[in-house]
Amino acid sequence: MNELPVTIYTPESSLASPAKMLREMFADLSAGRELAWRLAVRDIQAQYRQAFLGILWAFILPVANTLAWLFLTGAGIVTVSSTSLPYPVYVFTGTMLWAIFMDALNSPLQQANAAKGMLAKLNFPREALIVSGIYQTLFNAGIKLALVLIAIAVLGVFPGWGALLIPFGVMSLILVGTAVGVLITPIGLLYSDVGKAVPLLMQFLMYVTPVVFPMPKEGWAATLFAVNPLTPVLVTARDWLTGQTPESLGYFLLVNLATVSLLLAVWIVYRLAMPILIERMSA
Amino acid sequence: MSETLIRVEGVSKKFCRSLKKSLWYGLQDLGREMTGQRHGGNGELRPDEFWAVKDVSFELKRGECLGLIGRNGAGKTTLLRMLNGLIKPDTGRIEMRGRVGALIALGAGFNPILSGRENIKVNASVLGLSKREIDAKLKEVIDFAEIGEFIDSPVQSFSSGMQVRLGFAVAAALESDILLLDEVLAVGDAAFRVKCFNRIQEIIKRCAVIFVSHSMPHVTRVCSQLLLLHRGKCLTHGSKLGQVVERYHEIMDTAITPSVEGSGKVQITSVVVLNGQKKPCSTLVHGEPFSIVIQGQFADDKLIRTPKLLISISDQEDTNVAQVYELLGTLNADKKFTVRLDLKIALFNAGRYWLTVNILVGDKGELACVIRRAATFTVQHDYVGFAPIILPSTTEVISGDGPP
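So the protein lines, in turn, are chains U and S.
Just so we're aligned, residue 1 is where the first sequence starts under our numbering, counting upward by one.
Just so we're aligned, residue 1 is where the second sequence starts under our numbering, counting upward by one.
Pulled out of the complex, with its shape left as it was, chain U reads as follows (with noise of 0.2 Å):
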């Protein structure tokens, strides 16, 4: 009887004991997959049976996005510098993989807003929420990775040996979207600001990276793409899933790794906020 777990509630910040946040932080983590799963098969479920084009949503922007640009080079209204790879292949595979980036970096907000009655009632761990939305986010990549290498094959552009490598790049893609997204969801649970500027800044934030336009080879312009650290990310991942050899690794596997620290720095914000932004938004 006397191990029992004890669980103790002060006005202390958890920052107090570094050490035992972690410890439970990882338990949550673990204690949520369950959740999480089930969470996420619902959802995709839901999310297909209401929709009379099911599935197709998952890709059907991207699609209508690349049409749109090869619209505009076509009839000349933008004049894009030559690409290493055909035009359609690159704008279609940028669209799509800045499609999966987006998708990341929406769910953790979307996922907390929809479950505020959850949880303002139920204590479970709040991880599970960031969980479900990137197995979600995968589903859903999946499908688009799916579509896109078909669609490339038709184009005669096949990724080859660098194909192992493409879920490399898109959990990369993923990882810096959930980061970010888990970044603003404390702040964004408070003001609904937040999640009506988010798409207004990746916008501009798509334009100085190459998604659609090619690298800039000079200028300050080009000195914003170097710079952007999605730049390297989505990059590279284009370059895998065309078979080509990518650049900039050394900057990716940075990215990368400043990406992690970020994501558990987030990752800690998050569960500090939560109690909070729970007590602010039932009252």
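Everything labelled a hint here was simulated from the structure, so no lab data went into it.
A couple of the hints might just be wrong.
Here are the computed distance ranges between Cβ atoms for each label pair [as the list claims (entries may be wrong)]:
hint, chain 1, residue 1, chain 2, residue 2, range
1, U, Pro-5, S, His-237, 20 to 28 Å
2, U, Ile-44, S, Asp-189, 30 to 38 Å
3, S, Glu-175, U, Ile-60, 44 to 52 Å
Keeping only pairs whose Cα atoms sit at most 30 Å apart, straight-line, the calculated DSS-like set for lysine-lysine is [stated by the list, open to error]:
hint, chain 1, residue 1, chain 2, residue 2
4, S, Lys-233, U, Lys-116
5, S, Lys-137, U, Lys-116
6, S, Lys-61, U, Lys-20
7, U, Lys-196, S, Lys-20
8, S, Lys-20, U, Lys-116
9, U, Lys-116, S, Lys-131
10, S, Lys-336, S, Lys-279
11, S, Lys-21, U, Lys-116
The beta carbon of each residue, even a glycine, is placed where N, CA and C say it ideally should be.
Chain U is fixed; fit chain S onto it per the hints.
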């Protein structure tokens, strides 16, 4: 089996009245938390804040049940939410030993799109039960909740009663060490309530239970101690249930006012309750005689033939528990009258009661005057039951197994 499972020491929580400020304070708290400072500052209130819970302390052992009572907004649910770790206390310390099962507010924290079965599994896995344990419990929960074939439909299609039933069934089946129950019995039907009661009494033996309810008969029936919250503060706390319940009724009194209806042919000017010594009194002792004195006047000089007096006595849940019916006979020609009604014995359970006085006139029984909650009295008794009337009885032990 007598270890202390819940220890609450000087716990307080502040809330904010204005939404805008509340969000802003939330942001500030977030910043403080990130820099490792303690939550809630040094116990001072910021503008527009108030104490939702202030300085509450208690301990609860395995096998005990604490009833949390108080008016709406007294802080009961807030306290439960702190105990469940949903929100952080601003001061004090909470120590919980063992697994905690909680049923906080209606809907019980189910995910509306998941089916009943999935929700059971989710809740159980959150509590740390293994897959095998869950499967073993599943049937028991479904049977207890009487959900039947609905168990595989999404919870959002359940009626509120079904949701509460399922929530209670899950919480009760999970064999947690601590159980927090927030007004579970308010929704279920009578049959389910009986099942709940029996179940809670079973659970209490191996569990520490905190039970929030507005029904005094319910709390006195299951709880071993009561804690009365009023505006966040603990007014009284103890195992003398009768005294705490009395205090609760005093608080409730201030919120209830009499209402007057009727055709107005008769006006009642005062209703007074007298004790056994014929002294005006608001507290009666169970088993003693008491009286009711009614003063009133007729609206006009014309003699109203055969007025009838009907007094109903209701308990604090506004359920009529007793009534008195008297023909007043012909009152004298004077417009004013005073009537004293002597009642032989106060059979009531300990608690608070209200008098509703009706005067009927004419052959058809026209309601001339009705005063709801015209007077109130409290009954004291050593024993606190849950039925409104406690009958006097004697027993005789008849030995042997022959016919009585």
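Do the hints match the structure? See the list:
1. Between Pro-5/U and His-237/S, the C-beta spacing of about 27 Å keeps the proposed range 20 to 28 Å intact.
2. In this structure, Ile-44/U and Asp-189/S meet the distance hint of 30 to 38 Å, their C-beta atoms being roughly 37 Å apart.
3. With their beta carbons about 48 Å apart, Glu-175/S and Ile-60/U fall inside the hinted range of 44 to 52 Å.
4. Note on Lys-233/S and Lys-116/U: the hinted pairing holds, with a Cα-Cα distance of about 29 Å set against a maximum of 30 Å.
5. For a cut-off of 30 Å, the pair hint linking Lys-137/S to Lys-116/U stands: about 28 Å separates their Cα positions.
6. Only pairs whose Cα atoms come within 30 Å are accepted, and Lys-61/S paired with Lys-20/U is accepted, the gap being roughly 27 Å.
7. Of the supplied pair hints, the one linking Lys-196/U and Lys-20/S holds, its CA atoms being roughly 18 Å apart against a limit of 30 Å.
8. At roughly 19 Å between alpha-carbon atoms, Lys-20/S and Lys-116/U fall within 30 Å of each other, so this suggested pair holds.
9. Using a Cα cut-off of 30 Å, the hinted pair Lys-116/U and Lys-131/S holds, with the two alpha carbons roughly 26 Å apart.
10. For the hint linking Lys-336/S to Lys-279/S, the alpha-carbon distance of about 22 Å falls within 30 Å, and the restraint holds.
11. Distance check on the hinted pair: Lys-21/S and Lys-116/U sit about 20 Å apart at the alpha-carbon level, within 30 Å; holds.
In the structure shown, no violation is registered for any of the earlier numbered hints.
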